[in-house]
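These protein sequence lines map, in sequence, to chains A and B. Taken in order, the first sequence gives residues 1495 to 1852; the numbers are from my numbering. Taken in order, the second sequence gives residues 1495 to 1852; the numbers are from my numbering.
Hint data in this document are derived by calculation from the structure and do not stem from the laboratory. Here the structure is a predicted model, which is why all the values come from computation and not from measurement. Please note: incorrect hints may appear among the correct ones.
For identical chains, the list gives no copy identity; a pair is met inside one copy or between any two copies.
[To be verified] With a straight-line cut-off of 27 Å between C-alpha atoms, the simulated DSS-like cross-links for lysine-lysine are: (1) Lys1597 with Lys1553; (2) Lys1803 with Lys1709; (3) Lys1597 with Lys1687; (4) Lys1799 with Lys1709; (5) Lys1553 with Lys1799; (6) Lys1837 with Lys1553.
Protein chains: 2
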Amino acid sequence: MIVPQSTLRTFTQNIFLAMGCSVEHAHLAADVLIRSDMRGIDSHGVARLSGYVLLWDKKRINPTPNITIVHQTPTTATVDGDAGLGLVVAPFAMQIAIEKAEKYGSGWVSVRNSNHFGISGYHALMAVERDMIGFAMTNASPLVAPTFSNERMLGTNPMCYAFPAANYPPVVVDMATSAAANGKLEIAQRAGKSVPEGWIQDSDGNFTTDPHALKNGGSLLPLGSDREHGSHKGFGLSATVDILSAVLSGANYGPWVPPFVSFLDPPTDPVGLGIGHFLGAMRVDGFRPVDEFKTHMDNWVNRFKSAQKIDPNQGVIIPGEPEFEAEQERTITGIPLVDAVVKDLNELALRFGIEMLH
Amino acid sequence: MIVPQSTLRTFTQNIFLAMGCSVEHAHLAADVLIRSDMRGIDSHGVARLSGYVLLWDKKRINPTPNITIVHQTPTTATVDGDAGLGLVVAPFAMQIAIEKAEKYGSGWVSVRNSNHFGISGYHALMAVERDMIGFAMTNASPLVAPTFSNERMLGTNPMCYAFPAANYPPVVVDMATSAAANGKLEIAQRAGKSVPEGWIQDSDGNFTTDPHALKNGGSLLPLGSDREHGSHKGFGLSATVDILSAVLSGANYGPWVPPFVSFLDPPTDPVGLGIGHFLGAMRVDGFRPVDEFKTHMDNWVNRFKSAQKIDPNQGVIIPGEPEFEAEQERTITGIPLVDAVVKDLNELALRFGIEMLH
Chain A
1495 MIVPQSTLRT FTQNIFLAMG CSVEHAHLAA DVLIRSDMRG IDSHGVARLS
1545 GYVLLWDKKR INPTPNITIV HQTPTTATVD GDAGLGLVVA PFAMQIAIEK
1595 AEKYGSGWVS VRNSNHFGIS GYHALMAVER DMIGFAMTNA SPLVAPTFSN
1645 ERMLGTNPMC YAFPAANYPP VVVDMATSAA ANGKLEIAQR AGKSVPEGWI
1695 QDSDGNFTTD PHALKNGGSL LPLGSDREHG SHKGFGLSAT VDILSAVLSG
1745 ANYGPWVPPF VSFLDPPTDP VGLGIGHFLG AMRVDGFRPV DEFKTHMDNW
1795 VNRFKSAQKI DPNQGVIIPG EPEFEAEQER TITGIPLVDA VVKDLNELAL
1845 RFGIEMLH
Chain B
1495 MIVPQSTLRT FTQNIFLAMG CSVEHAHLAA DVLIRSDMRG IDSHGVARLS
1545 GYVLLWDKKR INPTPNITIV HQTPTTATVD GDAGLGLVVA PFAMQIAIEK
1595 AEKYGSGWVS VRNSNHFGIS GYHALMAVER DMIGFAMTNA SPLVAPTFSN
1645 ERMLGTNPMC YAFPAANYPP VVVDMATSAA ANGKLEIAQR AGKSVPEGWI
1695 QDSDGNFTTD PHALKNGGSL LPLGSDREHG SHKGFGLSAT VDILSAVLSG
1745 ANYGPWVPPF VSFLDPPTDP VGLGIGHFLG AMRVDGFRPV DEFKTHMDNW
1795 VNRFKSAQKI DPNQGVIIPG EPEFEAEQER TITGIPLVDA VVKDLNELAL
1845 RFGIEMLH
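Looking at chain A on its own, in the form it has when it is part of the complex (with noise of 0.2 Å):
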C-alpha cells in the first residue's frame, strides 16, 4: 500500500493523542517517524509505532512529561526526559544546544530517562536548517557482544554528524556502530534467508548466516566485524556512544539499557534512568564564514561523487543523498508500506477508534 504523507502523518498524529500526548507533542513524535519514512529509513518509522505503544502499555513511556534541565553551563547541560518519548524529549534537547551554539558558539546536552528517539538523523538536521554541525547518537537494547564477549552488552548505538553544504544535500553521516543493523537481520528473518558471515555471532561466539541466531543467545556484532578486520574499533565507537549518552547523564548503560521490546522487564538493578542520548550543535560561522565553509562543502562532494569508480554503473554515494533522494521521492509518490505493517497500524485505529488506513 502507498500512502500519501499527510495521511499517514494524521494517522500517526491521532495514535499518540489516543495515548494522552498534548497536540504539540503527538505533531512532534509523528513529524520524526514520518521524515524517517519519507528519508527510506523504514525500519525507524510508523513500522515502530506499535512498539512505542505496547512500552506506553506497560507505563513505561510517560505521555505527558515534564522534560527538565537538571544541570547546566553556558554550553553544556543534562537533561531528564521523564520517561517520555524520545522522539520528543531528543528534539527538546537538541533545541537546547541549537541555542546554546547561538549565544556561545556551541551547544552540547546528554539526556537521560528518555525512550527510542527515532532516527539520529532527524535531530541533527535541525541543527543543519540554522546552519550549524549537527550531533546525534543514543544508546539502545543491548545486542552486540563486544570483541572476544558473546555477551550482549551494547546496542546498535548509532552515531550521527550532519553538515550543511550549498547546492547539494546535507552530508549526512547516520550510522549503527554495528556491522548490520538489527533491522536488516529482521528483514532476512523474514524472508527465511541467510546473513553474511560477519554481521552476527552464535550463542558460542561463532560467526552464522542464521538470521535466527539472535533470537537464540546469538549476538551482533560490532563495526569491523572481528578483531582481524577492526571489530574492537566498531566497539570503541560504541564504547563512545555509551558514555557520552548514559554515563555522562545518568542514564543506563552497557546492558543495563531497557529492551524497546515489551515483552522484555528492564533490568531490576538499574544503574541510571531510562536511556541516553546525546546531542550538539556547532555554528559553522564559529570557525569560517558561512558561504566559505558552503562553497568547501560542495567542492568536497562534487570531487567524491567524481571519484574513480570500480564499477562504470555504481559511483561513490555521498552519505545522506540517498536519504534525501527518497524524500524528494516520496514527497510525490506517498509513502510505500508493506502489509505486516499496515495490518500492525490497522490493529491500533481499531483499538483507538481511529480511521483505518485503507
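Chain A is already provided as a structure; the job is to place chain B on it using the hints.
The following block gives chain B in isolation, referenced to the frame of chain A:
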C-alpha cells in the same frame, strides 16, 4: 635495542633543536613522540622522526611557526599552524579548547596549515587530566578509497575520544577509520607476509592479500572493508574527520591533503592550507559531578571487563588499557627499538652532530 625514555627524550629534543625549534617546542614535540613509544604505538613515535626532518628539508615544516587564532567565538576557534609541526600546533589548539571549556563548559578548535600531529590520544588526554572529555582527530595523506571507488581519496583519518575514570585508567578510543592502519601494512611488507582480505584492494578495486599492492596503485579500505560489512560507515567516519578538520578550518581535504612522505610533492592546486585537525574538550562537571561520573565510569569498565568470554584466556579489552599498561611497563623497562629505527636515528645523529644511541 632498549633505550631508557629519558635518553630517547633528550635525543629527540636535540634533533628538534637542530631543526631550529625553540626549546619549548622541541620539548613538546619530543614529549608527543616519546609518549607514543611509551604507550606502545611504535609506528607513531621516534620511528617517524626522520620523516619530520625530511619534510623540514623540503621546507614543508616551519620550525619557528607563529601559531595564531584566526577566528573565534567563546567556545569555538580556528587556528592557523603556520606550517609548524603538528606535534606543537595540536597541543596549542587543545590548550585553547581547554581554556574555553573552563570558562563556558566546552571548547572546540579546528586547525589549518598544520602537519602530522602524532597520536590523537596525546592531545585528547590533555583534556582528561583536567577532568574533561577529550576529542582529537586529524586528516592525513590520501591512502583510503571510499566505498565503490578505487581512488585514494582519504587518509586513515583517526578519531579519538578520551574519558576519565576513577580507579581505572582513562578510557581512550583512539582509532584509524580504515580497516587497518598503514603501520600494520608496513610490518607485513618488511616481514614478506600476506595480509588478511579486507584490508586493501588492488588498483582495479579487487581485494588482495599482497601488502605491496598499496605501492602499486592500490588503496586501503575503510573500516568495514566492503559494502556488505559496512565500509560505507568507515567512509562516513573518515569523511566526518576530513570535514571537521579541514573543510571547517580551511585546510586541504580529501585527495588534496599533502602527503606525509617527503618524496611526494603536495598537489599543485591546493584547496586550503596544510593538513587539518579538530580538537575538543568538554567539562565533565558541565553535565554531572565529576566523582559521580568517574564512579560510573569505573562501573562501566568493570562490567565490560567481566563480560562473558568466548575464549577463557581472552577477556574484553577496554579501549586505552593496553596503551596504559605499556606506559607503566616501559617506564621501568625502557623503550624497545627495532634495528631499522636505531639506524635511522643514528643517521640523524651523525648529520646533526648529536650523540648516537648505543
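Each hint, compared with the structure:
1. Lys1597 with Lys1553: For Lys1597 and Lys1553, the Cα distance exceeds 27 Å both inside one copy (38 Å) and across copies (41 Å).
2. Lys1803 with Lys1709: between (39 Å within a copy, 19 Å between copies)
3. Lys1597 with Lys1687: neither (52 Å within a copy, 56 Å between copies)
4. Lys1799 with Lys1709: Intra 40 Å, inter 24 Å, cutoff 27 Å: inter-copy only.
5. Lys1553 with Lys1799: neither (48 Å within a copy, 33 Å between copies)
6. Lys1837 with Lys1553: The answer is within: 24 Å in one copy meets 27 Å, while 69 Å across copies does not.
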